[in-house]
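Using the sequences and the hints, build the whole thing.
There are 2 protein chains.
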Amino acid sequence: MRIKMLLLVFLCIVGELFAQTADEKTFRTIYDQALTKGKSYEWLRHLSLQIGGRLSGSYQAQQAVDYTKKELEALGLDKVWLQGVMVPKWVRGLKEYAYIEQGAGEQTIVPICALGGSVATPGGGIKAEVVEVKNFEELKALGKEKIAGKIVFYNRPMDPKLINTLHAYGGCVNQRGSGAKEAASLGAIGVIVRSMNLRLDDYPHTGAMSYGDLPKSKWIPAAAISTNGAELLSTMIRLNPNTKFFFRQSCKNMPEVKSYNVIGEIKGTEFPNEIIIVGGHLDSWDLGDGSHDDGAGVVQSMEVLRIMKQMNYKPKRTLRVVLFMNEENGLRGGRKYAEVARQKGEKHVFALESDLGGFTPRGFTFDCTTEQFAQVQSWKKLFEPYLIHLFIRDGSGADIGPLKDGNLVLAGLRPDSQRYFDHHHSDADTFDAVNKRELELGAATMTSLIYLYDKYGVQTPKKPKG
Amino acid sequence: MRIKMLLLVFLCIVGELFAQTADEKTFRTIYDQALTKGKSYEWLRHLSLQIGGRLSGSYQAQQAVDYTKKELEALGLDKVWLQGVMVPKWVRGLKEYAYIEQGAGEQTIVPICALGGSVATPGGGIKAEVVEVKNFEELKALGKEKIAGKIVFYNRPMDPKLINTLHAYGGCVNQRGSGAKEAASLGAIGVIVRSMNLRLDDYPHTGAMSYGDLPKSKWIPAAAISTNGAELLSTMIRLNPNTKFFFRQSCKNMPEVKSYNVIGEIKGTEFPNEIIIVGGHLDSWDLGDGSHDDGAGVVQSMEVLRIMKQMNYKPKRTLRVVLFMNEENGLRGGRKYAEVARQKGEKHVFALESDLGGFTPRGFTFDCTTEQFAQVQSWKKLFEPYLIHLFIRDGSGADIGPLKDGNLVLAGLRPDSQRYFDHHHSDADTFDAVNKRELELGAATMTSLIYLYDKYGVQTPKKPKG
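Heads up: the sequence lines are chains A and B, in that order.
When you line the first sequence up against this note's numbering, it's residues 6 to 471, in that order.
When you line the second sequence up against this note's numbering, it's residues 6 to 471, in that order.
Don't read these hints as lab results, they were simulated from the structure.
Don't take each hint at face value.
Each computed BS3-like pair below joins lysine-lysine, with the alpha-carbon atoms no more than 25 Å apart [to be verified]:
#1 A:Lys223 to A:Lys151
#2 A:Lys223 to A:Lys257
#3 B:Lys149 to A:Lys386
#4 B:Lys166 to A:Lys386
#5 A:Lys42 to B:Lys139
No experiment lies behind these values; they were computed from the predicted model shown.
Laid out in structure tokens, this is it:
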């Protein structure tokens with residue numbers, strides 16, 4: 006009995022050693038593929054330089070759908086298809102124009118851009134005194150009397166002390182998202198929001214805003230100002246409280262149009278009904294060319310399936326790449342994908358999104374149960390030789406969020422975040438700001454995680470007792 | 006007895022909790038200082054944009070000595086001084102010129118730069134057939150017959166599969182360092198070396214080379230060619246084995262000149278004779294402005310002492326910042342510093358160098374004993390909130406190397422290495438390629454480690470038995 010037991014332990018150890026070695030070898034093959042024969046960078050070059058910014062409903066967004074579908078088809082996947090989805094269409098119109106006015110003839114032009122979803126100013130622009138606030142509490146304390154007829158200037162900067170810049174973003178973005186609604190409720194005629202950028206520079210950063218339940222008649226124009234512009238405006242207001250601000254923008258909400266999620270699939274050999282997806286979002290803002298947000302995530306996700314095909318890997322489970330439409334201003338693609346999955350009764354077991362830029366990968370975040378996270382942690386050692394150290398429980402990605410059902414594991418790639426907001430939603434989000442190796446390392450890291458989930462399956466969460 | 010025991014355990018735990026909390030607080034203060042009131046970026050702006058490339062013996066190198074001394078003096082350290090050292094002086098002369106010649110009238114200009122230490126070509130340049138080799142074995146197999154009178158083209162690229170790009174560099178750099186010597190021994194009249202760069206681009210990358218013990222009469226000119234140029238040259242040779250290469254360079258070795266290490270010090274309050282140093286090298290190549298190599302290390306090291314002063318931290322041990330001269334082509338500053346330290350009988354306990362660029366810090370390498378490394382590992386948890394995960398035993402830094410005595414711990418900052426060789430030793434090593442936050446995070450991470458070593462001291466290595 007004892008000898009049998011020892012033998013069993015021995016066999017387990019040997020088994021594990023062999024398994025380890027096989028996984029290590031597969032990791033090496035995956036990284037070698039990405040770093041020496043990778044296609045992600047060339048795909049991104051096309052998306053960024055041949056197509057450019059891909060705002061939902063734009064001609065460029067449709068070009069991106071056509072291009073990625075064609076490229077996925079060329080990979081020889083089992084199936085590639087488009088999933089139709091209606092998306093909002095907002096257009097920027099003419100280049101925005103703004104100045105700070107200290108007195109007659111004393112104007113200083115500053116760089117602004119309309120926030121996504123905002124209405125236009127009247128054709129001749131608007132000019133009014135500016136009230137600077139740092140948050141909604143300050144705004145409300147000032148009240149209607151001080152706000153009505155003014156332009157509200159939200160100037161709470163991202164906190165440089167936060168190591169993870171996503172947290173700094175999270176601490177500021179309500180100014181952009183709800184600033185117009187809050188200010189309009191108190192009678193403001195427009196809002197100017199400090200760009201979500203840690204760096205002092207001249208790029209205004211756009212992004213989604215919403216008027217919430219405010220009646221359409223009360224909607225006011227909202228724009229972002231560059232961080233240098235915000236510093237300047239703040240100083241001028243301090244020097245002269247009667248400082249006025251002028252801005253003009255001609256953006257417009259148009260009727261919804263039909264667009265598509267682009268989906269490619271390799272059928273599973275053992276558990277074809279268990280679906281693993283990897284994705285990013287195909288749309289971007291119209292400023293810059295959307296290389297980091299989220300051209301990088303798109304081409305990395307495509308690369309995952311390309312590498313699997315190149316390795317001649319036959320997945321046990323069904324692997325899908327999903328290129329979501331309309332993450333930036335509607336999330337319609339993510340919602341549609343989840344809706345169709347539910348209608349069809351599809352069982353998704355793992356979903357991975359890359360939507361934080363093409364920088365050196367540091368690890369992953371996981372939205373899952375404690376037991377599921379324990380499984381992840383058992384894999385950490387495999388990633389360490391590739392300098393992937395970060396495995397934490399946190400949010401995953403916006404597009405895969407609607408799939409959440411308490412069973413499947415959701416994960417997000419976590420690249421280095423230090424430079425992300427230098428580029429995000431601005432003219433500075435361009436192809437030259439993406440490093441080929443960093444992009445490829447991200448794709449390889451994603452492929453490795455998908456491989457492990459395919460091979461070992463996902464820990465089923467324990468049923469609650471009772 | 007049992008109660009006393011429990012009490013002791015309890016007190017130990019409480020003690021550790023408090024100690025932990027104090028260190029955690031200090032870390033937070035250090036990072037906050039660096040990220041909100043840091044001076045490293047402004048110092049680097051001056052070094053890079055007002056002074057520029059600081060090759061040993063140049064006017065710019067002297068300007069850098071004067072500037073950093075003045076800035077250190079302004080910090081109110083206990084002592085700031087210059088340490089004289091004779092350094093080699095090599096000058097590039099006129100801009101180099103090169104072309105590939107397929108036949109009469111069929112020339113293609115390619116970007117080259119002289120390697121540091123190389124002799125010039127004759128004034129009219131040299132032109133000869135080119136022999137491409139990947140390594141010294143291939144060269145030697147060809148032998149004198151095939152090499153004599155030719156230009157040898159070393160074209161072994163950096164290996165993209167290596168995750169740590171320093172290893173890829175290590176696998177190639179002998180072509181640059183000893184290529185001329187090896188080729189000259191077989192009668193070659195010049196060498197062209199593929200730039201140490203993982204990216205395909207048009208920047209030639211310089212760097213040190215040596216003729217070793219070759220008599221001066223046999224010295225041949227050596228230059229680097231951009232990676233794109235190397236690919237082109239290789240293709241042309243394949244298409245036409247009679248392809249010729251022309252290059253002209255007017256670089257020159259001049260008599261040695263006097264230069265300086267710049268040193269600043271805060272005297273220790275408890276163990277003033279135990280010295281901790283932190284440093285980078287003040288010289289750079291003359292291409293670009295030396296922002297990453299090693300302006301970053303210089304300003305980060307200065308920032309360590311600035312933060313200590315700002316925090317009003319009174320170190321137990323003596324803290325020194327050492328800005329070494331002549332790392333790139335001689336290591337005279339590092340050798341001089343160690344020589345003087347030995348003459349004075351100074352006891353150095355810890356030395357930290359930053360010389361791998363101003364990118365997001367990932368951790369440190371340690372050159373130390375097993376027991377000393379165990380001490381380091383006990384500190385890992387403190388660094389994790391700052392996304393510092395890498396603590397490994399490896400080489401530290403060139404300048405602090407000569408201090409090595411088996412007792413002191415040597416360490417090197419390990420920033421993310423993916424983009425380093427895009428810039429290293431080339432016109433692409435410029436201020437705009439450094440990100441402020443990444444630079445500051447490196448400085449804070451270095452300060453935190455110096456703080457721990459000052460507070461806890463260095464584990465004394467066990468004496469070997471017998």
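Hint by hint, here is what the structure shows:
For the suggested pair Lys223 (chain A) and Lys151 (chain A), the alpha carbons sit about 18 Å apart, so the restraint of at most 25 Å is met. Distance restraint check for Lys223 (chain A) and Lys257 (chain A): the Cα-Cα separation of roughly 15 Å lies within the 25 Å cut-off, and the hinted pair is therefore satisfied. Only pairs whose Cα atoms come within 25 Å are accepted, and Lys149 (chain B) paired with Lys386 (chain A) is rejected, the gap being roughly 50 Å. At roughly 19 Å between alpha-carbon atoms, Lys166 (chain B) and Lys386 (chain A) fall within 25 Å of each other, so this suggested pair holds.
Using a Cα cut-off of 25 Å, the hinted pair Lys42 (chain A) and Lys139 (chain B) holds, with the two alpha carbons roughly 21 Å apart.
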